[in-house]
Every structure is written in C-alpha cells, then in structure tokens.
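Participant: Letter by letter, the chains look like this.
2 protein chains.
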Amino acid sequence: MTSILAQGASDAPQPRQPAASCQSPPAGAGNPEELARSRVAIEGVWPQVDGGRFPVKRAVGDLLVVEADIFADGHDKIDAALLYKRNGEHDWREAPMRLVGNDRWRGAFNLNENARYHYTIIAWRDLFASWRDEVAKKHAAGVSIGVELTEGRLLIEQAATDDTRGGEADRRALRSLAAQLQECKDALSLLKPLLNDEVVALMHRAGPRTHLTVYPKNLPVWVDRRAAAFSAWYELFPRSQSGNVTRHGTFDDVIKHLPYVRDLGFDVLYFPPIHPVGRTNRKGRNNSLEPAPDDPGSPYAIGSSEGGHDSVHPELGSLTDFERLVRAAHEHKLEIALDFAIQCSPDHPWVTEHPEWFDWRPDGTIKFAENPPKKYEDIVNVHFYRDAFPSVWHALRDVVMFWAKRGVRIFRVDNPHTKPFPFWEWMIADVQSSFPDTIFLSEAFTRPKVMKRLAKVGFTQSYTYFTWRNTKGELSEYLTELTRTEACEYYRPNFFANTPDINPSYLQTSGRAGFQARLVLAATLATNYGLYNGFEICEARPIPGKEEYLDSEKYEIKAWDMDRPGNIREDIKLINRLRREQPALQQFNNLRFYNAWNDQILCYGKYTSDRKDFVLIAVNLDPHNPQGAHFEVPLWEFGLPDDASIDVENLVTGDRFTWTGKVQHMLLDPRERPYAIWQLDQPKER
Amino acid sequence: MTSILAQGASDAPQPRQPAASCQSPPAGAGNPEELARSRVAIEGVWPQVDGGRFPVKRAVGDLLVVEADIFADGHDKIDAALLYKRNGEHDWREAPMRLVGNDRWRGAFNLNENARYHYTIIAWRDLFASWRDEVAKKHAAGVSIGVELTEGRLLIEQAATDDTRGGEADRRALRSLAAQLQECKDALSLLKPLLNDEVVALMHRAGPRTHLTVYPKNLPVWVDRRAAAFSAWYELFPRSQSGNVTRHGTFDDVIKHLPYVRDLGFDVLYFPPIHPVGRTNRKGRNNSLEPAPDDPGSPYAIGSSEGGHDSVHPELGSLTDFERLVRAAHEHKLEIALDFAIQCSPDHPWVTEHPEWFDWRPDGTIKFAENPPKKYEDIVNVHFYRDAFPSVWHALRDVVMFWAKRGVRIFRVDNPHTKPFPFWEWMIADVQSSFPDTIFLSEAFTRPKVMKRLAKVGFTQSYTYFTWRNTKGELSEYLTELTRTEACEYYRPNFFANTPDINPSYLQTSGRAGFQARLVLAATLATNYGLYNGFEICEARPIPGKEEYLDSEKYEIKAWDMDRPGNIREDIKLINRLRREQPALQQFNNLRFYNAWNDQILCYGKYTSDRKDFVLIAVNLDPHNPQGAHFEVPLWEFGLPDDASIDVENLVTGDRFTWTGKVQHMLLDPRERPYAIWQLDQPKER
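So the sequence lines, in the order shown, correspond to chains A and B. If you number the first sequence the way my numbering does, the last residue is 689 and the count never jumps. If you number the second sequence the way my numbering does, the last residue is 689 and the count never jumps.
Since the hints were derived computationally from the structure, they do not count as laboratory data. Please note that the accuracy of each hint is not assured.
Which copy? The list can't say, so a pair holds if one copy fits it or any two copies do.
[Unchecked claim] With a cut-off of at most 30 Å between alpha-carbon atoms, the simulated DSBU-like pairs for lysine-lysine come out as follows: (1) LYS378 - LYS195; (2) LYS336 - LYS557; (3) LYS452 - LYS665; (4) LYS141 - LYS370; (5) LYS188 - LYS370; (6) LYS378 - LYS576; (7) LYS408 - LYS370.
Construct all of the structure, not just a fragment, from the sequences and the given hints.
Facilitator: Structural data, given as structure tokens:
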C-alpha cells in the first residue's frame with residue numbers, strides 16, 4: 004500500500020528511457036570480427052531462469068547438471084567444457100561435457116558451499132580428434148594415408164609449441180613426442196604413436212582448442228544451506244506458552260516447550276512477530292474493533308512507545324531472554340524463525356522519527372492500510388520510493404541484520420507481494436552477502452506469476468496453494484507444475500497444512516483422518532512443510548463460513564492442551580522420523596504419481612537416482628469412508644517386468660512382505676489410518 | 004571442410020575468455036538505485052528467439068503481436084505499452100497493450116516495411132486509475148470520500164505541472180481542469196469532474212507514468228518482402244533448354260521457356276550454378292570419374308580459366324544475355340533465383356589468386372573436398388579463418404552483391420551447414436543492409452538443430468525433411484513441430500517435392516498419383532514450395548537402391564518432353580492458381596489437422612482469422628488404392644453445432660453443395676485424383 008500522492012514527477016529514482024541502440028547484431032555490420040569469434044554454436048543452455056536474469060537455486064551438496072545444444076558447421080569433431088566458480092573466485096574451474104545425443108551436451112559440477120556460483124560453457128573444434136577420426140576411416144577403407152600421417156605429426160608439433168594449455172608434464176611429453184615423430188623415417192611408422200590412446204588423452208589435455216567459443220552469459224546459481232531445501236516447521240505464539248490464558252507467555256515459557264517441539268521431530272520453530280504491540284486501534288478478540296483493556300492485540304500491529312522492529316515485546320522478556328531462547332533452541336537442534344512484517348502500528352517510533360516513510364493525507368492524517376472498501380485501522384504501511392528511498396530500504400535491511408546478528412537466520416516474510424520486488428531483490432542479496440545462511444520464506448498468497456517472481460528475486464522458500472488443493476486431480480496437477488516446469492529451478496515450496504490465517508475448509512469437517520492425510524501430503528509431497536500449533540490436536544473450529552479460526556490466537560492468548568484425546572502426535576513423530584531416515588523424501592523433483600484406480604486415493608513415490616531408497620505412499624483423501632483400490636507397483640522403475648516380485652517394508656508398521664505382479668490392492672480405512680507408506684527394496688543383482 | 008593444419012595457435016581472430024565479472028545482479032550490491040528502477044515486472048516476453056540474440060522473422064504487411072507477463076507489487080493499477088521502431092529511426096513509436104488475463108498483456112504493431120524493426124515494452128503504475136478505482140469502490144460502499152476527492156484534485160494539479168507527457172492541447176486541458184477544480188467549493192463537487200470519462204482519457208494520454216519500467220532488451224524482428232513467406236519455385240538447368248541433347252542450352256533458350264513456367268503458375272525460376280565449369284577431374288555421366296570429352300561436368304564444380312563465381316559459363320551466353328533473361332523473367336512475373344555454391348573447381352581463378360583461401364597438404368597438393376572415405380575430386384573448399392579471414396568473407400559477400408546488383412535477389416545456398424554460422428550471419432545481414440529484399444534459401448539437410456541455427460543466423464527460407472515425411476503420422480508430427488513450436492518464429496520451410504539430388508523413394512514407385520499427392524502436400528501444407536523440372540511428367544527413374552535420378556541432369560544435358568502423356572501440368576496449374584486465390588493458403592501457422600478415420604488419408608485445413616476463407620484439404624497417401632474415410636467437417640471452427648449445415652465449394656471441380664452434420668464421407672481414387680480441396684463458406688449472420 005503506497006500513497007497515491009505526489010509520486011509522479013518527483014519520483015526517485017528516475018525511470019530510464021529504453022536504449023536507442025540495438026543490442027542484437029546490427030544489420031550490415033562492416034566488421035565480421037566479433038561474430039567470427041563464435042564459430043561453435045552454444046544454445047539452449049539449461050538450467051537458467053529468465054535468461055540468467057535470476058539465479059537458479061540449489062542447496063549445498065547438490066550436483067548442478069548443465070545441458071546445452073553445442074555444434075559447429077561441417078563434420079569436424081568438437082568438444083566442450085563447463086566453466087564454474089564461486090562468487091569472489093577469480094579463476095574458472097572446468098568440468099568436462101559429454102555428448103548425450105542430438106547435439107545435446109551435458110556436464111556437472113558440485114556445489115559445496117553456501118554461496119553464489121556462476122557457470123558458463125566453452126566449446127571448440129578438436130582438430131586432432133577430427134584428424135584421428137578421418138585417418139581411422141581412411142585406414143579402415145584401405146585408402147593411402149601417408150600425407151595424413153604427416154599432417155598428424157604437424158598437429159603434434161604445433162601443439163608442442165603452444166604453451167597456453169596443459170601442465171608442465173604434459174608440455175614436456177608433447178615436446179618429447181614431437182621430437183620422436185621427427186625421427187620417424189617414413190610416414191607409416193608414424194601410425195602407431197599417433198593413434199596411441201595416451202597421445203589422444205595428452206592432446207585432449209594439452210592440445211589447442213581451435214575456435215574456442217564462449218557462451219556469452221555467466222549464469223548464476225545461488226546455493227543455500229540444506230535447511231533451505233529440507234525442513235519441517237512448527238509455528239506457535241510465544242505469548243500463549245504460559246499454559247494459562249490469564250498470564251502472558253514468555254521466552255522462558257517457550258524454552259520449557261522446546262523438548263515438546265523437538266520430540267515431534269521438527270527442525271524449525273517459527274514465531275509470529277515478537278515486537279511491542281501498538282495501542283492505537285488495537286484489535287480485540289476475533290478481530291473486533293472494540294478490544295477489552297487486557298486484550299493483547301495482533302502481534303502484526305508492530306511498534307509502540309516500547310520500540311519497533313528491533314525490540315521485543317516487554318511481556319515476552321528482554322532481548323537477552325530472547326538470545327537465551329535462541330541458544331536453547333540450538334541445543335535442542337531447533338532453529339528459531341522470526342516473522343518479518345513490514346507494516347507498523349501507528350504508535351511505531353518510525354512514524355514520528357521518519358514521517359517521510361509514511362503516506363499522509365491532505366487532511367494531515369496518516370493513511371491506514373486498506374484494501375478498499377476494507378480498512379486495517381491498526382496498521383500503517385511504509386512506502387519505498389520518493390523521500391523514503393533509500394533510507395527505508397536500509398532501515399528494513401538493518402532490521403533483518405539486527406536479528407541475524409542475534410542468531411536468527413530464518414525469516415518468514417509477511418505479505419511480501421505488497422512491497423516492491425526490487426526491494427526484496429536488493430535486501431535479500433545484501434543480507435546474504437553477510438549471512439549466506441539466511442533463509443527467507445515468502446508468505447504470499449496471490450496470483451501465480453507474482454508468487455513466482457518473489458521466488459525469482461530471492462526468496463528461499465515460498466508458501467503455496469497447497470492449502471486449497473484437496474482432490475486427487477488438484478494435487479497431482481499442482482505438484483506436476485511445481486516439479487516439472489521451469490519453476491522447479493527457483494521456486495521452493497513450503498507446504499503449510501494450516502496457519503493462524505488459514506483454517507482450511509477441508510479440515511473443518513474432516514475430523515482426525517483429514518489431519519492425518521494432510522500431514523502426510525504436506526510432509527511427503529514437499530520437502531519443506533509446516534504446521535501451526537493446534538494441528539496436532541485437530542483444532543478446526545471456524546468462524547462460520549470462513550477459513551479462519553474461531554477465537555483466533557492472533558487476537559488473544561491461548562492455553563493449548565496438546566494431550567487432548569484424538570491427537571495425532573504419533574503420526575507427526577512417525578512422519579518426521581521417516582523424512583529424516585529416507586533420503587528419497589529429502590528430494591522434491593523426484594516425485595512421481597502412480598496409478599491407483601480410485602479417485603479418492605492418491606498414490607505417489609519418491610526415489611533416489613540409484614534406487615537404493617524407494618518410498619511409495621498412498622493417501623485416502625476421503626476422511627469419512629474406507630477406500631480400496633487396485634494400484635500399480637512401479638516395478639518398471641527398477642527395470643522389472645510386470646510379473647516380477649519385489650520385497651517391501653511397511654514403514655508404518657515395520658512389517659516386511661513381497662508383492663508379486665504389478666497390480667496390487669490396498670484398503671485405507673480413515674478410522675484406522677488413512678495412509679500407507681512402503682519402502683520398495685531394490686532387487687539384488689543376480 | 005577445412006584444413007586440419009595450423010589452425011590452433013595462429014587462429015584469427017583470437018578467442019575471447021569468458022568475462023570474470025557477473026552480468027546478473029551481484030550479491031550484496033551496496034546501492035539499490037539500479038534495481039529500484041524496475042518496479043514493474045516485465046517477463047515472459049513473446050515472441051523472441053534465444054532471448055533476442057536472433058531476430059524474429061515476419062513479412063511486410065504482418066501484424067506483430069507481442070505478449071508479456073506484466074505486474075507490480077500490491078493492488079495498484081498498472082498500464083503498459085509496446086515500443087517499436089524501424090532500424091535507423093531515432094524515436095520509438097508506441098502501441099497500447101491490454102491485459103488478456105492472468106497478468107498476461109498483449110499489444111501489436113504493423114510491419115509495413117522490408118526492414119529490421121526493434122520492439123520493447125514499457126510499463127508503469129497508473130496512480131490516477133488506482134485512485135479512481137479506490138474512490139469508486141468506496142463511493143459504492145457508502146464510505147466517506149471527501150479526503151480522497153482532494154487527493155484526486157492534487158493528482159490532476161500535479162499532472163498539469165508535468166510537461167513531459169501529452170500534446171499541447173492535452174496540456175492546456177489539464178491546466179484548465181486543474182484551475183477549474185481549484186474553484187470547487189467543497190470536496191464532493193469534485194466528484195463529477197474527477198470521475199468524468201474524458202478526464203480519465205486525458206489523464207491516460209497526458210498524466211504521469213509513475214515508476215516507468217523498461218524491459219531491458221530491444222528485441223529484433225526482421226521483416227522480409229512477402230515473397231519470402233509465399234512463393235512457388237521451379238528449378239531447371241539452363242543448359243538443358245535447347246530441346247536437343249547435343250546442343251548446350253543458352254539464356255535465350257530459357258527466355259523462350261518462360262511462358263511455359265509462368266503458365267504453370269510459378270513465381271520463382273531457379274537455376275543451378277551458371278558459372279564456368281572446371282575441367283580438372285570433371286565428372287562424367289552418372290557421376291563417373293571418366294568423363295567423355297564432350298561431357299559438360301557438374302555445374303557445382305565452379306570456376307575455370309573462363310572465370311569464377313562472378314562469370315557466366317560461356318556456352319550459356321554472356322553476362323548481358325543473362326541480364327536480358329532477368330528482365331524477360333520479370334516481364335513474365337517470374338523472378339530468377341541463382342545458386343550460391345561456395346566450393347570451387349581446382350581450376351577456379353581464386354586458387355591461384357588467393358592460395359591462402361585454400362587448404363594445402365604437406366606434399367604441396369591442394370586438399371580436395373571429402374567426407375572420409377568419400378572424396379569429391381572435382382571440387383576444393385575455401386576455408387574461412389586464418390589467412391582467409393576476412394578477405395574470403397568479403398569476396399564471397401561481393402559475389403552475392405555482384406548478382407544482386409544485376410537484379411537477382413533470391414539465392415539458393417548450397418550446403419550452408421558446412422560453412423561457419425558466423426559467416427552467414429554477417430554476410431546475410433550485410434547484403435540485406437544494401438538490398439533488404441534479398442532472400443536466401445538454406446539447402447541444408449542435416450541435424451535438426453544445425454538446420455534451425457542456419458535459419459536463426461539469417462536464412463530467409465530453409466529446405467526441410469519434407470521429402471522424407473510420407474505417412475500420415477510423419478507428416479502431421481513434422482508439420483506440428485514446424486507450425487506449433489518456437490521454430491515458427493524464425494524457420495520458414497520451403498517444401499521441395501524433388502530436387503536434382505533427391506529422387507524420393509516414395510515417388511519411385513508411386514506413379515502419377517503419388518506425384519499429384521506430393522504436389523498438393525508440398526504446395527498446401529507449406530506456403531513456400533518447389534518442384535524440380537521433370538516432376539510434371541512424373542520422372543522418377545532411379546539409380547537402383549538410391550534416391551538419385553538415373554542419368555542425372557547434374558552431369559549431362561537433357562531434353563525434356565513436358566507433353567509426355569500422364570503429365571500432371573493441369574494439377575500444377577490448378578494448385579498454383581488456388582494458392583493465389585485463397586488467402587488461407589498464403590499463411591503457414593494457420594494449419595490445422597482434422598480427423599479422417601483412415602490412416603491413408605491426411606485431412607487438414609487452413610483459414611484466415613476472420614474465417615472468410617476456409618480451405619479444407621484431403622490427400623490419399625496411398626497411390627495405389629482408392630481410400631475412403633469418414634471425416635470431421637470442422638464446424639466448430641465456425642462456432643457451429645455438430646448437426647449444423649455448411650455450404651461448400653469443391654475448388655477442383657467448381658461444384659457447390661451443402662454438408663449437414665459434422666461427420667461426412669469421402670472417397671479418393673488415385674486413378675482419378677488422389678486429393679480433394681473444398682472451401683467452406685462462413686455461415687451468414689442471422
């Protein structure tokens with residue numbers, strides 16, 4: 004939300020006019036020199052996001068596989084290599100590329116560091132390989148090759164005089180070979196040394212790279228730490244951790260709660276804003292405009308006389324208490340994620356310290372957030388341009404840096420789609436240049452291209468439409484989009500099954516089985532997933548007709564009874580344990596859907612590329628009725644025929660058995676457990 | 004084919020090392036200024052070829068439709084425009100863009116000149132439109148809008164002071180409106196003038212463009228004259244036009260033959276090379292290595308003591324004779340296309356004048372063309388780098404310019420895939436900068452990506468795999484690739500049904516009906532097509548087991564009897580006439596395949612976007628048997644229900660009738676005519 008006033012002429016920075024010149028090859032360029040440098044065609048380079056405008060995303064330990072169409076004119080042999088380096092490194096490292104087929108080449112390199120890398124491709128004509136191929140063909144056809152052998156000797160001699168390639172040993176070997184070939188009395192005695200495999204390898208290492216062509220872009224890849232790609236989140240309100248609705252919870256209460264969260268198997272513990280809550284137009288229970296005097300208000304109305312985004316709400320404790328909580332969490336192998344919500348309460352110190360960051364109306368009042376005709380009376384928004392540029396950019400970056408310096412390296416960002424994309428691109432890159440391990444989760448639920456753009460400009464993870472994808476068709480179509488289109492190069496979903504803002508319709512009527520089903524779907528379809536507390540006790544009481552919780556924790560302090568009968572804590576522990584134990588579940592794009600002949604049963608699998616871990620999962624999407632289905636055991640993924648047998652472990656019960664034949668039958672009873680998870684054993688080599 | 008010698012270290016020009024710096028946003032850039040300029044996201048711009056590296060191709064008279072995903076943060080209104088200009092123009096012209104849906108915008112502009120154009124996109128936040136939307140919503144909801152109206156007045160006032168936008172009249176109107184609004188006593192009296200539609204239009208024309216964002220690329224489109232997109236070619240050997248195998252044909256003989264070619268309905272008359280033919284290792288009949296003394300040799304062995312690429316073979320006539328032929332052809336509404344074949348006979352003057360353009364072997368001999376173990380003893384190739392760079396590039400360009408200056412503006416280029424892509428890219432652009440009407444047809448039959456690259460670097464038209472696509476599946480799959488993938492933005496097929504080099508297997512056994520079928524397929528699937536003479540008399544005698552003609556005209560003078568019984572001249576005349584008369588047949592990407600339930604019957608249609616011309620074609624691919632099929636009349640393309648009636652004209656016979664119902668039956672008898680062509684009449688509005 005930004006003001007509609009005074010943004011035209013005085014707009015800073017000034018827009019740039021399109022360049023009058025053309026960046027593509029001009030018509031009738033007089034000098035062919037520039038074009039001549041690219042004799043080898045390198046095109047269709049993959050992966051890249053918007054032509055290299057944005058980085059591809061990967062995580063530490065990944066292998067980056069790069070492909071390209073590479074070819075030259077004529078029939079000569081060519082060769083190609085992948086060049087790569089970590090940001091800040093001066094010299095390129097090199098990985099070989101190999102022809103896959105149809106002029107498609109492939110190479111790969113390891114991403115070992117949490118950093119930005121760049122890669123590009125070089126290709127060249129390999130004259131010695133062409134010569135060797137020609138001579139071999141002629142020799143086989145019985146054609147005289149005397150002159151050709153002399154040509155081969157000259158190629159070696161020339162390589163021996165070129166000291167731009169190869170190591171010292173190779174260069175010595177080349178010089179010695181050239182001298183030896185000089186000694187050969189007749190052309191034919193050159194045949195054996197010239198066609199020697201070691202000479203071929205030597206020339207590959209140290210021979211010239213004729214017509215070396217360089218792909219004109221350095222493509223970026225941003226490598227996150229692994230938690231960016233694989234994490235289980237749990238969300239709670241620190242102020243509700245006292246166990247008593249009349250007492251405001253503290254960071255110390257949260258510390259006492261850490262073992263509970265860790266026992267459930269989560270990695271990340273995420274809090275809504277922990278900052279001082281504004282007083283002006285504070286919201287009461289159920290978003291009421293008339294709060295009771297002791298109502299705590301929405302923590303998203305950030306800022307009061309007690310401080311702003313770099314302060315903690317006094318009732319939660321002190322900054323020191325918070326730092327102790329961060330340490331305690333680490334000891335429990337949990338990581339704290341904070342909320343980064345840019346809006347302010349009208350009481351935020353910035354409103355008086357930096358009036359130029361806010362929108363003021365002609366009558367002198369501050370402009371509240373609104374989405375006409377709806378108004379949000381307890382918050383005001385900063386704007387990002389005009390007099391607020393760049394000071395508010397720096398201030399917001401400094402807020403993130405403030406918490407990062409206190410050990411917080413995960414931020415869930417509230418409503419990023421209502422703030423300028425360029426701000427996110429700059430801010431995230433700037434923070435990650437100091438703290439590359441920082442993770443930003445985009446809480447945007449808006450149009451698909453906007454959500455994707457936020458991921459492109461730098462958000463590490465993204466909320467998704469998962470909450471509204473319930474049927475077999477919806478889930479398989481959506482997951483296919485996420486795993487099979489360009490989006491998978493930069494868009495990392497985090498499947499929250501519920502949030503304080505979203506009490507999904509499906510769960511409002513599904514009962515316990517629906518929670519079990521949605522847990523399994525979120526945690527095994529995606530690699531990043533999250534639950535908001537209450538999910539484990541199947542809490543789903545709505546404001547009637549809405550996807551909101553009744554008596555929402557956003558506006559009041561709650562005391563949760565997580566031991567409530569019917570809770571699904573054991574399911575959560577099981578699923579989080581399996582996620583840790585099964586490498587296949589730690590990858591996203593390896594998802595495959597399999598046939599189960601029942602529209603209520605979603606069947607899918609994930610496997611590691613070596614097939615050592617193969618997890619097959621089935622979920623009954625109907626929470627009210629048992630559903631049975633014949634289904635296909637994906638024997639073909641192991642290269643097995645349809646009538647083969649395969650050993651199976653039921654990962655829920657631990658039972659082991661054998662399936663014989665591709666079509667099997669399952670029955671999933673929601674009263675018992677609406678899902679099944681099997682591991683298929685890779686058949687032993689015979 | 005280039006030498007394997009001495010190309011490494013001395014290679015000119017020198018390869019360029021990849022840039023050490025990164026062109027994408029650097030991590031942790033200190034200053035957000037640059038990023039901030041692009042508040043509006045503009046992505047997914049279409050069409051573009053390889054990110055703007057190569058031009059999109061269109062023809063004069065085309066409308067270029069451009070689409071892009073355009074959106075900004077938040078909920079404010081945005082607007083966008085397409086900027087375009089012809090190469091050499093300084094100022095951009097502007098065409099509006101409109102939202103299509105899902106953040107996709109579309110605009111278009113006319114391509115009126117045979118020239119290079121550029122286009123890009125600008126987008127901005129429209130604060131007045133946002134303001135108006137907000138006020139309308141609030142007004143409808145009965146919310147007080149007094150302050151909002153004052154904000155509206157301020158927006159007008161601000162626009163009135165900004166003189167970077169709008170014409171003089173608009174600027175005056177704005178100033179007058181601002182003054183008038185100043186007079187309004189109370190806020191509410193501002194409502195009517197501010198929401199006035201004329202004011203909205205005025206602000207659209209002359210109001211500020213806030214956060215104007217410019218797409219960072221100027222995308223090129225090359226606009227050819229229409230013959231590039233629609234032409235019928237006929238190929239003959241001038242030396243065979245005397246009607247007597249013992250007399251070498253002349254340009255004057257060709258002039259006499261022009262009425263015949265024009266009567267068949269062709270646009271382009273194409274000749275194999277017309278230059279002096281070499282003597283050294285001249286080929287005899289049927290590619291024999293032992294020619295008879297009077298054998299004329301292959302015209303592709305170019306150059307002798309009588310001259311090279313800028314001379315004409317003396318037995319054909321003089322250069323003056325040739326120029327007369329060109330003029331005579333134009334009088335017959337025919338255009339002459341020449342062959343540009345870069346290889347030389349060993350007798351070519353260049354061999355002695357420019358030994359540095361050729362490859363010499365260690366024994367001092369010239370290197371003949373070869374594809375080991377095959378040798379082509381009558382030709383030698385120039386190379387394009389080393390000492391030949393750039394002199395041979397200039398010399399070859401000058402050859403094309405030589406003929407272009409003599410009125411030849413169409414060149415069929417022999418084997419372009421064996422010469423460097425950068426040469427073509429430079430040469431074609433350079434020639435077209437002087438003669439933009441020049442058309443280059445790429446005679447490459449090689450791997451698909453190489454053929455496409457040649458089209459990308461500038462070839463106007465391309466030979467295709469059509470000759471080897473015979474079945475219904477092959478034809479529909481290949482045409483779908485050509486018309487439905489990115490290729491259609493730059494790759495213009497020219498479907499030759501036969502060539503002196505290709506006597507297709509299908510035609511060797513098909514008899515007359517096969518020729519009729521392939522004629523119709525070539526001429527109506529593609530918009531550019533060609534026949535090599537002899538096709539009209541169903542000539543197909545092969546060298547056994549090969550796709551080559553027996554007694555090939557490449558190596559001997561022929562005398563053709565085009566009146567031979569069984570000729571298909573009437574079919575050719577008919578098809579060429581229909582191509583001229585039916586606008587639908589002059590477009591390529593409008594091709595649609597329709598259901599005919601017989602694997603031997605290919606059924607397809609082409610229609611203009613207004614449906615005023617709708618041509619439906621069926622071809623029996625089985626030349627030996629009558630084939631019948633039920634088929635679908637594409638009533639749905641007119642928005643008609645399956646049981647509707649449609650008036651039809653049989654374009655072959657002129658009969659008129661009515662089809663009622665979607666499924667009809669056809670019978671195509673190869674003994675009579677293996678094809679049917681109907682025009683479906685657009686139903687009259689009721």
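Participant: Kindly indicate which numbered hints from before are broken by the structure, ordering the numbers from low to high.
Facilitator: The structure breaks hints 3, 6, 7; every other hint is satisfied.
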